[in-house]
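Dock chain B against chain A, hints included.
From first to last, the protein sequence lines are chains A and B. So in our numbering the end of the first sequence lands on 261, straight run, no missing numbers. So in our numbering the end of the second sequence lands on 1268, straight run, no missing numbers.
The set of hints was computed from the structure by calculation and includes no laboratory data. Fair warning: there could be bad hints in the mix.
What the hints assert, rightly or not - Label pairs and their calculated CB-CB ranges:
| hint | chain 1 | residue 1 | chain 2 | residue 2 | range |
| --- | --- | --- | --- | --- | --- |
| 1 | A | THR216 | B | LEU1174 | 33 to 39 Å |
| 2 | A | PHE180 | B | LEU1174 | 31 to 37 Å |
| 3 | B | LEU1053 | A | ILE22 | 32 to 38 Å |
| 4 | B | SER1192 | A | GLY177 | 34 to 40 Å |
Computed from a predicted structure; not experimentally measured. Glycine included, every Cβ here is placed at the ideal spot set by N, Cα and C.
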Amino acid sequence: MDVPRDWLSSMGDIAKFSGRVIAEVFEGRAFHFFGETLRQAGILILGSAIVIWGLAFIVGLTCGIEGAYFNRAVGAPAYAGVFSAWCDLREAMPYAFGYMMSAKVGTGLVAEIGAMRISDEIDALEVMGISSLTFLCTTRLLAAWMVLPFMYIAAVGAGFFASYLAVVQQIGEVSSGGFFLIFWMFQNPPDLLYSTIKGMAMATVIVLVGCYYGYTASGGPVGVGTATAKSMVLNTVLVHLVGMLGTQIFWGTNPRAPIGG
Amino acid sequence: MVRAVADRAFLPTKSLLEQVGDMMILTGKTLLSAVRPPFPYGTEFVQQFLFMLRLCWLPLLISTVAFGYGAPGLQAGNFLVIFGAIDRLGGFFVLASIREFAPFVTAIILAGVGGTAITADLGARKIREELDALQVLGVDPIKNLVVPRFLALMIVTGLFNIFALIFGILGGVLATLTFDAPLGPFFSTLLSNATTTDLWGSVLKTTLFGAIIAIVSCYKGMTASGGAEGVGRAVNQGVVIEFLGIFAFNYVFTQTLLATHPEISVIK
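In isolation and in its complexed conformation, chain A is listed as follows (with noise of 0.2 Å):
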């Protein structure tokens, strides 16, 4: 019975912290630190923008092939638009971005601040009469609400391209026009914003999973790795779980497609 135990707790302490940070957050306290927040979202800008698109633009072009392939199979190949419009849109680029938030962001920010924990730098700040989860925590999360949506959506243009050059250019049955006119029908702007909220929602989970795991690391660098990977074992989980939620709550039974009457 530990083990059920053990779990239950923590993801109470995690339900805490998160409160606790969102809070703070909310009630301006990042603020006080704004020269902080800025610092971190620029290291998100240098540091992640790449490798996040990078896997956006992979994903995309799988989508891509499987969409050609599969509209070829049922003999509409000018049809493959619809295919990568949904499985860009809605589905791959919330999970790649999640996938790559949760393995470039959320381990290294266990990382950063476990090694902070654990040289005592943490406790300095306390000492020193500033509010360490503050400075730490709430200003990473400000700073990746601030950055992330842009970030998102760049994502998700990177990842309609790589479609684009995967259907149109490399497979070749649809032509450029007849690829777009039936990939923007297929899609409209509350389903960008949907999906962005999909991907928020994410990246708010990791941030936050990633921030609680440094902060309470223990037991020297050992345990800085430990918690590193126990981040990824909640975060992996936490990402498929938000993007069925998302995907029920958004699209539910409702298809949004222009078929029908």
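Just chain B, lined up with the frame of chain A:
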């Protein structure tokens, strides 16, 4: 000035290429010492196999059911319901689950859960200088640590793929029930569209994913360095390289399989 700019641009590229080369060398050494006698890695292999099994089964179960229900289940189901062809969802699951998402969700979970655990474990041993101690004792770390992990991850990833398939299809079943559709047509289109080529392609793909994960995690763990942050950084870099490698390999493999076996994409 020019030199500073050039350094900033090319040094990361150079170190990346060097690391890729080192990983290739590690792969070669691992393969060689796996087939060359003696074979002292039996016990470690079984331990690692069971360790991976214990660690990954629950995250994988939750993730594949969630993915199968959400992405292919609800989205494709919605589309098919418009045409009154929800019975075709089973056929779509061959494409979605067997060919695409079961393999990569398996790989994501094995990389995120198993790979990070291996990196953290080997990194801890490196930091505590246990690896150096092993070498001083005349024990080859590649033969005794990397080979068993490499083999265990390859086999366990391939087998977990079947597990992921089954639970992915369970997600599809849940989606079918959400649309109040009968399950008989789901299974009949699933089974009539599934081919052996799909299945072996899927298992082969995940086995190779397992090889990528094992080599990258072992390499990053065994080269961890740099104080308090070292092991954490190693885990971080390892999992990023694994994800990029997995998806890049997935694209090439899917493209090759689809192009060389046109019969698997015929809808029956």
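To see whether the hints hold, each was checked on the structure:
no.	hint	in the structure
1	A:THR216 with B:LEU1174: 33 to 39 Å	35 Å, holds
2	A:PHE180 with B:LEU1174: 31 to 37 Å	35 Å, holds
3	B:LEU1053 with A:ILE22: 32 to 38 Å	37 Å, holds
4	B:SER1192 with A:GLY177: 34 to 40 Å	36 Å, holds
Consistency note: the structure conflicts with none of the earlier hints.
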